[in-house]
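Undergrad: Residues per chain are reported as follows:
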Amino acid sequence: MNEKNTAETAGEVSSRQVRLVTIGAAFGALALVASIVVSLTGLSTPEIPQFPAMQNPLPSSFPRNFPTDLRIPDFVLEKAP
Amino acid sequence: MTDDLSITSGSVRDDASRRRALLIVRLLVGVFLVYLLLDLVRPRRQPDEPVLAVLRQLKLSDSLGQTLSIPPRLLAAVAVGIVTGLILQALAANARFAGGRRVVVLTWATMAAMLGPFALVSLVMLIVFGSSLPVVVACAASSAFVLWLLHHCQGFARLPVRMLLAAFGWGALIVFGLSRVYNAMALGVIDGYLGTPSELDMLVVHMGVVVGVVTVAGVLLSLIVFRHRVTDAVSGLVLGAAIGLGYNFTESVPLIQVYGLLSWVTGATGGFQYWIRQSIGLLGGHVTFCALLGAAVGLAVQTRGRGRRVLIVGAGLLAAAGGSAAHEILPAWFSQLARQSLPTGGPLDTLVVSPALWLVVQVPFFVLVLALLWTGVRARAAAAREAVAAEATVGGAITTREVPFLVDPALRLWAVVSTWRGYGRDAALALRRVQTAQLDLAAWHWQHRRSGRDEGASEGERLRAKVIRLKTRTATGPAVTP
Numbered sequence: 001m002n003e004k005n006t007a008e009t010a011g012e013v014s015s016r017q018v019r020l021v022t023i024g025a026a027f028g029a030l031a032l033v034a035s036i037v038v039s040l041t042g043l044s045t046p047e048i049p050q051f052p053a054m055q056n057p058l059p060s061s062f063p064r065n066f067p068t069d070l071r072i073p074d075f076v077l078e079k080a081p
Numbered sequence: 001m002t003d004d005l006s007i008t009s010g011s012v013r014d015d016a017s018r019r020r021a022l023l024i025v026r027l028l029v030g031v032f033l034v035y036l037l038l039d040l041v042r043p044r045r046q047p048d049e050p051v052l053a054v055l056r057q058l059k060l061s062d063s064l065g066q067t068l069s070i071p072p073r074l075l076a077a078v079a080v081g082i083v084t085g086l087i088l089q090a091l092a093a094n095a096r097f098a099g100g101r102r103v104v105v106l107t108w109a110t111m112a113a114m115l116g117p118f119a120l121v122s123l124v125m126l127i128v129f130g131s132s133l134p135v136v137v138a139c140a141a142s143s144a145f146v147l148w149l150l151h152h153c154q155g156f157a158r159l160p161v162r163m164l165l166a167a168f169g170w171g172a173l174i175v176f177g178l179s180r181v182y183n184a185m186a187l188g189v190i191d192g193y194l195g196t197p198s199e200l201d202m203l204v205v206h207m208g209v210v211v212g213v214v215t216v217a218g219v220l221l222s223l224i225v226f227r228h229r230v231t232d233a234v235s236g237l238v239l240g241a242a243i244g245l246g247y248n249f250t251e252s253v254p255l256i257q258v259y260g261l262l263s264w265v266t267g268a269t270g271g272f273q274y275w276i277r278q279s280i281g282l283l284g285g286h287v288t289f290c291a292l293l294g295a296a297v298g299l300a301v302q303t304r305g306r307g308r309r310v311l312i313v314g315a316g317l318l319a320a321a322g323g324s325a326a327h328e329i330l331p332a333w334f335s336q337l338a339r340q341s342l343p344t345g346g347p348l349d350t351l352v353v354s355p356a357l358w359l360v361v362q363v364p365f366f367v368l369v370l371a372l373l374w375t376g377v378r379a380r381a382a383a384a385r386e387a388v389a390a391e392a393t394v395g396g397a398i399t400t401r402e403v404p405f406l407v408d409p410a411l412r413l414w415a416v417v418s419t420w421r422g423y424g425r426d427a428a429l430a431l432r433r434v435q436t437a438q439l440d441l442a443a444w445h446w447q448h449r450r451s452g453r454d455e456g457a458s459e460g461e462r463l464r465a466k467v468i469r470l471k472t473r474t475a476t477g478p479a480v481t482p
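Here the protein sequences come in this chain order: A and B.
With UniProt numbering, letter number 20 in the first sequence gets 20, and the count goes up by one each step, no holes.
With UniProt numbering, letter number 269 in the second sequence gets 269, and the count goes up by one each step, no holes.
It should be emphasised that the hints constitute simulated quantities derived from the structure, not laboratory data.
In this text, a Cβ means the ideal position worked out from N, Cα and C, and glycines have one as well.
Some hints could be false.
Claimed, not checked - Stretch by stretch, here's where chain A covers chain B in the computed footprint (C-beta under 8 Å, at least three residues): (1) 272-285; (2) 308-318; (3) 330-340; (4) 371-377.
What the hints assert, rightly or not - Selected chain B positions facing chain A (Cβ under 10 Å, derived; list incomplete): (5) H152; (6) D232; (7) G322; (8) A326; (9) L359; (10) V361; (11) A410; (12) L413.
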């Protein structure tokens, strides 16, 4: 009798759990459809910022003698082997 | 803790188990070969494309390039692994060569040869990005905490720790490695056949399905290897969650570092990624989706009828794949909507808004997992009462006096604490060991009857002998029976 009750309870638990998994599948299907729609319509694609275009040719006032240019002093070159 | 060595070593000893385990491995490798074929015959969109799109190497910095590309040497290793596996299977099929235990060893060797190279992908990733030890240690610590939670949330008939660790390893090495290789190949295939501008998002959807499928393979292999241990939704749920946790670990280590390197572009730092992936969202994401899928497999195991089983696993797969894809794609859209009215980058955004936007998709799935766990644990408590009483009727290992203590966790704890106060620490620990062995025996009784298999009776005898041995040892010390 006790075993029969436990088996019935186990059956009820299983069917309740199957219902939960089915609800999960419904959520999953909705989520999947929503994801595909959002992807294909580009709603989730971030907007690329507009970069200012560089003028071409460079203006004559544009500096060409940057302080970071590698300028090896003459006395260093004289000592080099 | 039950010693499962005997179960593990004999797990693929019979022909049916061996065939099923090898079938799963062959299917996983077969999917790889299908991708390879599709990649080979894909329409070329540019004149100088390589034969296989997966071999296209990205010209980025070393570590970033290794993250986003599949090295040709790795594909060569996969090919060598497949050929080695075929040779080993041919040897196993030869009755003169493979007799007795040797065929079991050959089966394990075949599985290792065919899947091992895919694990290299994950290992390479962890080695390349593992140079930042604090990140690895921090991720390992949070993963260990969740494994501890998973071990203790099962109630009666817990899975052995080694089984949880094996599931974690499957997720960290095989699921991550295989899904990355599949995805890298799918990128070329999607680009070649569809050429859609949203191919990266399509890839995310593809990734959700792939992770789900390889997780199912992991739970099914656990089912074959550990036999009567996977008997209900709770055992499947815990195994699935451990697999998802392993995947999450291998994914988090490189992502935290890559986001750290690219924070000037993305605006999200490595610390923020750790907060999202390994702190507030640690139980969500792949852990939740794989837990749902594992629970479905556990439920299918106890269901009669092949068609119904396939439906339940299919439902779990749909839930996991849909949730996995949505939790990567939809938060980006929510974020764009929220950015129009909320400031970004401040403490409110970091601590509340961004995590909430990321977690909102996962909440329904997480609630379902909690409901599955709750109903499963309650059913286990009822099963424990019955199994302990049934084992007491056999006699020897569990007496009728001990039954009320064993079925009630509060009484069990009270007995241990009282023994500690009355007889000292050693006596309390000895009582705890006896109780654990008795519960393992009752769990075996329940799982054995539930699995409906005749084999494994020797395991029950071994557990009974263990309880009696522990009781005898305890009886020679101070009296501790409550």
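Undergrad: Are the hints correct? Go through all of them and say.
TA: Results for each hint:
Coverage of the segment 272-285 of chain B by chain A is violated in this model, with 0 residues showing a Cβ closer than 8 Å to a Cβ of that chain against a need of three. With 5 residues having a Cβ less than 8 Å from any Cβ of chain A, the segment 308-318 of chain B passes the three-residue criterion, so the hint holds. Coverage of the segment 330-340 of chain B by chain A holds in this model, with 4 residues showing a Cβ closer than 8 Å to a Cβ of that chain against a need of three. Evaluation of the coverage hint for the segment 371-377 of chain B: fulfilled, as 4 residues show C-beta separations to chain A shorter than 8 Å, against a requirement of three.
The restraint placing B/H152 at the interface with chain A is violated, with a minimum CB-CB distance near 21 Å, outside the 10 Å limit. For the restraint placing B/D232 at the interface with chain A, the shortest Cβ-Cβ distance is roughly 8 Å, inside the 10 Å limit, so the hint holds. Interface hint status for B/G322: upheld, as the beta-carbon distance to the closest one in chain A is roughly 3 Å, under 10 Å. At its closest, the beta carbon of B/A326 sits 3 Å from a beta carbon of chain A; the interface hint therefore holds under the 10 Å criterion.
Interface hint status for B/L359: violated, as the beta-carbon distance to the closest one in chain A is roughly 14 Å, over 10 Å. At its closest, the beta carbon of B/V361 sits 7 Å from a beta carbon of chain A; the interface hint therefore holds under the 10 Å criterion. Interface restraint check for B/A410: the shortest CB-CB distance to chain A comes to about 22 Å, outside 10 Å, so the restraint is violated. Taking 10 Å as the C-beta cut-off, the interface hint given for B/L413 is violated, the closest approach to chain A being about 25 Å.
Of the numbered hints stated above, those contradicted by the structure are hints 1, 5, 9, 11 and 12, listed in ascending order.
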